[in-house]
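If you're matching them up, the sequences are chains A and B in order. Each residue of the first sequence is one higher than the last, beginning at 21 in this note's numbering. Each residue of the second sequence is one higher than the last, beginning at 2 in this note's numbering.
Treat the hints with care, as some may be off.
[Claimed, not checked] If the Cβ cut is set under 7 angstroms, some of the chain A residues that face chain B in the computed set are: (1) Phe50; (2) Asn51; (3) Leu213; (4) Leu248; (5) Ile251.
Quick caveat, the hints were computed from the structure, so don't treat them as lab data. C-beta atoms are modelled at their ideal positions from N, C-alpha and C, and glycine is treated no differently.
If you want the building blocks of each chain, they are given just below.
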Amino acid sequence: MRISPPRKPLLLSLQPYLLIAPTLLLVLMFNVLPAIRTVNDSLYKPARGLNAAGKPPEFVGFDNFRDIFDPAHYMGARFTRSFRNTIVFALATVGIGVPLGLMLALMLQHPQPLLGLWRFAVFYPALLPLIGAASIWSFIYSDSIGLANAVLKSFGHPGVNWLGDRNLVLMSVIIINIWKQAGYFMIFFLAGLQNIPRDIYEAAALDGAGARQQLTLLTLPLLRRTLLFVIVVAFTFAFQTVEQLQALGEGGPADSANLLLYLIFENISERRNWGYVNAMTLVLIGVVLTFTLSNFLLFEREESDR
Amino acid sequence: MNPENRRINALVNSVKIAIAVAFLIPLVFTLLVSLRPEVEPVTKGNIFFGSEITLDNFERAIAIAPWGLHYLNSIAFVGGTLAVQLITVTGAAYAFARMRFAGRSLLLLILMLQLMIPSGVLLVPNFRMIHTLGLFDTRVALMMPYWGSAFGVLLLRATFREVPIELEEAARIDGANLFQVLRNVYVPNAIPAYLAFSLVSVSAHWNEFLWPFIITRSEEIRPLTVGLNKLIKTTDQGAFYGQLMAGTLIVISPLVLLFLLFQRQFVESFARSGIR
C-alpha cells in the first residue's frame, strides 16, 4: 500500500502475511514439500513384500535410478520404454498440434460467416475430459466395427489394429491428443494475433504486399513470442496428459504406448515398487521443470515484479 | 480483391471445412451410435438411415453407475474447489498487488513454484501427503491440493493493479476496512477476471480423473469421470459401444452445453489462462 503510516499496529503489519498464508501454505504442502520429499524418497527402497507395519525403507543411494535406466531390469524395461514413448508423444503433439493450432487461428481470426460453428468444431475437444475423449476414440479405433477401419476398408485397405498393434498404438494415442489440443493452442494464437495492430497491415497493403507476404513478413515474425510460449506450454502439457490410456488398453501391448506418468499411476499401490516410483517421479519433475522454468525465464520474469 | 488473394481464400475455405468436419466426426458418431440399437453400428451402413432411434443404450448405461450421485459429487468437487479458491486467491492477489512488506518477491517466487512443479506430476507424494493428513477417501482430499492457485493469484494481481488506487483511498477515507475495500472496490472491478478464472478452474476439475481415482475409494464421493471409468471397464470385453457412447455423452454434455452458451467467455478465459 502506498499510504504507510510511520508506525503500524502489529496486526496491520501482519496483514499481508495473513492474506498470503493460506495459498502459500497449500503450495508448500502440495507442491514444494512433495517435490523435496520425492528427492529424498527416491534414495530409499522398501523391501519386497513389505507391509505397512514392516521394517522401515532401506537407504540404497542411487540404486533406484540405476535400475530404472537399466533396460534389462523388470522396472527398467518398462521405464525406458515409457520414457521414450513420452518423448515421442511430446514431440509429435507439439510438432503437429502447435502448427495446426496456428493455422486454425489464422483462418478463424477475422469475423466470417459461421465463425461460432468453426470455433466450436475445433475447440470442443479441449473441453472434454481426457478419459471421455478416449472413450469416444476407443469406438473409432475399435477393430471390427470402428469408424477408422470402416474408412480404410472403403478404400480397399483391410484395416489395422489401432490399439492392438504395438507399432501403431502410440500413433493412435498421439492422434487423439492432437485432435484434443489443437483448438486449445489456437486460442493462444488468437489472443496473440489480436495484439498485432491493424494499421500495420493497412500500410503493408498500400505498399502492395499480398496475403502471402503479409503472413510471412508481418504476422509470423510478430507472433514469435506467442509461438515460443505455446510450444513451451504444449511440452509441459504433454508430460501430464496420460488419462486417455485408461480407456485405450492401459498403455497398449507390452507398454508400447505407455507414458511415464501413467506408469507411475499404475504402480502407486505396488508398495514394493515405491522406490522406483519415487525415482520415476523425480525424473518426471526434472523434465517438466526444465520446460516450466524456461517458460518462467522467457516470459514471467519481466512480469514478476513490475 | 486480387486474384492471388482470391485463390488463397478459396483454399483457406476448403481447408477450414475439411478440418471442421474431421474434428466434428467423433462427436457426431458418438451421438449416432448412442441412439442406435446395439448392432454392428458402422459397417452395416444403416447407422445413418434405416435403423431405428432408441434410448436403450442410455437406459443400460444409466443402470451401470449411479450417475445422479456422480453428478452431485462432481458439482460438489468443482464447486467446493472454486469457492475456497476464490477466497484464498483474492486475499493473496490483493497483498501482492497493493501491499508492501518484507519478503514480497521471495514469497511470490515460492508461490510460482506451483506453476513450475504442477500438482499433476506429484501424484505419488501428494497421495502420501493426503494419507499423512488422514484424509484419504474424503471430499476434502479431492479438493485440497487445488485450494491454492498461483495462476489465480497472478491473474487477479494483474487485474487488481489496474484498479485506480484513488478508489481504494476514497473508500479508506470513508472508514472502510480491508474486507469492505475488497468487497466494494476490487471484486466488482475484477468480475471478468473472476469469470475467466472460474471457467478455467471448473472445466479443469470437472474433467479430472487420475487424482479423484487414486484418492477416493467410496462410490459415494467419486465424481463423474470415475463413474465413466467404471463404464469403460465393464464395457471393455463385450464392446457394447452404444452403451459406452451413451455414458460418455452423459459425462461430457454439461461442459459442451456450457460452452455452446458461453462460447466467447470460454475462448477469452482460456486465452487468459496462458497469458500469466
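Interface hint compliance - phenylalanine 50(A) to chain B, C-beta minimum distance less than 7 angstroms: holds, 4 angstroms
Would the hint on leucine 248(A) stand, with a C-beta cut-off of 7 angstroms toward chain B? Violated, because the Cβ-Cβ distance from leucine 248(A) to chain B comes to roughly 12 angstroms (cut-off 7 angstroms).
Any CB of chain B closer than 7 angstroms to the CB of isoleucine 251(A)? violated, 12 angstroms
Hold the hint about leucine 213(A) up to the distance rule: shortest CB distance to chain B must be less than 7 angstroms. violated, 11 angstroms
Double-check asparagine 51(A) for me: the hint is only fine if its C-beta lies closer than 7 angstroms to a C-beta in chain B. holds, 5 angstroms
The structure shown violates the earlier hints numbered 3, 4, 5.
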